[in-house]
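Chain order of the listed sequences is S and G. Using numbering that gives the first Met the number 0, you'd call the opening residue of the first sequence number 0 and step up by one each time. Using numbering that gives the first Met the number 0, you'd call the opening residue of the second sequence number 0 and step up by one each time.
The hints are simulated quantities; they were obtained by calculation from the structure and are not laboratory data. Just to be clear, a hint being listed does not mean it is correct.
Identical chains blur together in the list; that is why a pair holds if it fits in one copy or across any two.
Derived DSS-like pairs (lysine-lysine); straight-line CA-CA distance at most 30 Å [claimed, not checked]:
1) K81 to K97
2) K184 to K97
3) K218 to K6
4) K34 to K253
5) K97 to K270
6) K270 to K6
7) K81 to K141
8) K184 to K253
9) K6 to K184
10) K141 to K97
11) K6 to K81
12) K253 to K81
13) K184 to K141
14) K253 to K6
15) K97 to K218
16) K34 to K97
Protein chains: 2
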Amino acid sequence: MVLVNGKAESRITIADRGLQYGDGLFETIAFRHGKAEFLDAHIQRLLAGCERLSIPFQQLAELSQELNSVYQQLGDTQCIIKIIITRGCGGRGYFADKTSVPTRIISTHDSPSYPQHYGQTGITVRLCQHKLSDNSALAGIKHLNRLDNVIARNEWDDTNIGEGLLFDQSEYLIEGTMTNVFIVKSQQLITPLLNSSGVAGIMRAQIIAIAQQLDLPFKQAMLTQDDLMSADEVFVCNSVNGIWPVRAIADSVKQYATGPITQQLQQALTKVER
Amino acid sequence: MVLVNGKAESRITIADRGLQYGDGLFETIAFRHGKAEFLDAHIQRLLAGCERLSIPFQQLAELSQELNSVYQQLGDTQCIIKIIITRGCGGRGYFADKTSVPTRIISTHDSPSYPQHYGQTGITVRLCQHKLSDNSALAGIKHLNRLDNVIARNEWDDTNIGEGLLFDQSEYLIEGTMTNVFIVKSQQLITPLLNSSGVAGIMRAQIIAIAQQLDLPFKQAMLTQDDLMSADEVFVCNSVNGIWPVRAIADSVKQYATGPITQQLQQALTKVER
Chain S
0 MVLVNGKAES RITIADRGLQ YGDGLFETIA FRHGKAEFLD AHIQRLLAGC ERLSIPFQQL
60 AELSQELNSV YQQLGDTQCI IKIIITRGCG GRGYFADKTS VPTRIISTHD SPSYPQHYGQ
120 TGITVRLCQH KLSDNSALAG IKHLNRLDNV IARNEWDDTN IGEGLLFDQS EYLIEGTMTN
180 VFIVKSQQLI TPLLNSSGVA GIMRAQIIAI AQQLDLPFKQ AMLTQDDLMS ADEVFVCNSV
240 NGIWPVRAIA DSVKQYATGP ITQQLQQALT KVER
Chain G
0 MVLVNGKAES RITIADRGLQ YGDGLFETIA FRHGKAEFLD AHIQRLLAGC ERLSIPFQQL
60 AELSQELNSV YQQLGDTQCI IKIIITRGCG GRGYFADKTS VPTRIISTHD SPSYPQHYGQ
120 TGITVRLCQH KLSDNSALAG IKHLNRLDNV IARNEWDDTN IGEGLLFDQS EYLIEGTMTN
180 VFIVKSQQLI TPLLNSSGVA GIMRAQIIAI AQQLDLPFKQ AMLTQDDLMS ADEVFVCNSV
240 NGIWPVRAIA DSVKQYATGP ITQQLQQALT KVER
């Protein structure tokens with residue numbers, strides 16, 4: 000199912016700035032049990048992204064109405080709902096026409112079919128060779144300029160590798176290709192600062208909130224490969240797949256147990272309202 | 000006029016990775032006197048970009064044929080021809096389907112109507128606040144992840160400003176929002192190294208070739224704002240507009256004369272086969 004500006008339509012004009020320049024944002028939302036999970040958080044990040052990019056998105060009421068019609072058609076189907084907002088069409092080259100109306104695209108997709116054990120016994124991750132671009136102006140938001148993720152994700156096609164971890168230009172650990180990453184070291188939960196690259200994930204925020212509720216020692220920090228390699232526990236997460244423990248680093252002898260703090264967070268996550 | 004994979008069609012599926020991730024490349028070509036200018040150089044950069052991004056583009060014969068049909072329809076019309084190549088559709092998220100066929104999009108656009116004096120008495124440029132993303136893996140090629148250019152270009156709407164100059168994360172001068180930049184200092188022509196950001200422009204390469212033919216002292220180097228401010232001559236260039244001398248920096252007292260080396264290059268450029 001695809002809606003473009005509310006109409007059942009699977010195509011957009013090639014003039015759309017989303018195609019021309021990646022001039023837009025997106026959200027990928029799990030739809031389960033008749034509900035779009037963490038919807039408010041997704042919408043808030045989308046709006047924050049529009050504000051950061053000065054995309055004058057004022058069609059939230061229309062978007063909400065369109066999402067409601069999608070939910071009704073989906074019923075109990077489990078799937079992924081993807082929302083794309085672009086700056087729309089027009090302008091002269093990079094210079095945007097300030098009167099353009101942003102484009103809304105809602106599409107539904109099959110839920111990813113990752114092995115069940117990814118969330119239980121965990122995954123092997125790769126350390127990607129490709130480095131993330133540094134730019135504080137683009138960090139945190141989920142914009143459409145995703146070549147970094149594409150290049151990194153296509154470094155491997157070994158199905159035994161569940162995710163790739165990405166470092167920035169200064170070799171700091173930032174995130175996975177489609178996840179955020181946390182480590183546990185000396186009982187402390189730590190996730191990379193996302194000041195100059197990376198996407199501030201919805202599940203990442205959930206886990207930070209849970210850690211605070213559970214009074215777990217937590218911080219955001221600059222993490223190196225040494226920090227990763229000397230961690231007691233490592234996990235990756237996103238809003239669709241929840242928490243995947245990391246059990247090994249490919250091409251290294253490093254192995255991790257699924258530790259108590261990862262399990263405690265997974266357990267707490269089952270009780271969170273989505 | 001728009002052709003998508005050879006068909007007269009102004010729309011593409013929203014599933015195209017060009018929209019989803021900016022997973023593709025483009026070229027903007029001046030069409031004048033029945034000829035696509037610097038076509039070979041544009042095509043070579045496009046192919047180099049495909050190779051860098053591992054986009055398996057093998058439809059060059061089809062693209063050439065489609066371009067020929069566009070030329071025939073254009074006749075003597077002066078315009079811009081834009082080519083976009085995306086990785087096509089398919090794959091699971093960032094992971095590409097290696098069997099997907101890239102998408103070819105050819106579109107024609109009105110020639111930009113910049114004032115004639117831009118090329119003669121020159122332009123005032125702005126120093127953009129937005130900084131370019133650093134990433135050697137993406138530097139030089141003309142990929143579709145152009146949020147940096149969009150953000151920078153939308154910092155101003157004062158029509159007295161002809162271009163904005165962009166610096167990288169380390170405050171080195173790199174390029175204009177839609178141009179490359181050269182300075183002349185102590186009789187030497189210098190353009191920024193594009194090792195970690197920027198687009199290696201077709202006109203930039205032409206000017207470097209002309210400088211070599213004319214035996215002008217030339218180098219590529221890391222340039223700072225101080226280098227810019229203390230230059231004797233500055234100009235920006237692209238394949239559509241040629242050379243625009245820079246005569247002033249906005250919000251500063253800095254002014255430049257249109258110097259002899261800029262004029263020598265402009266003169267030489269009129270004789271280059273396009």
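message = Tell me the numbers of any earlier hints that the structure contravenes, in ascending order.
response = Violated hints: 2, 3, 4, 5, 6, 9, 12, 14, 15, 16; rest satisfied.
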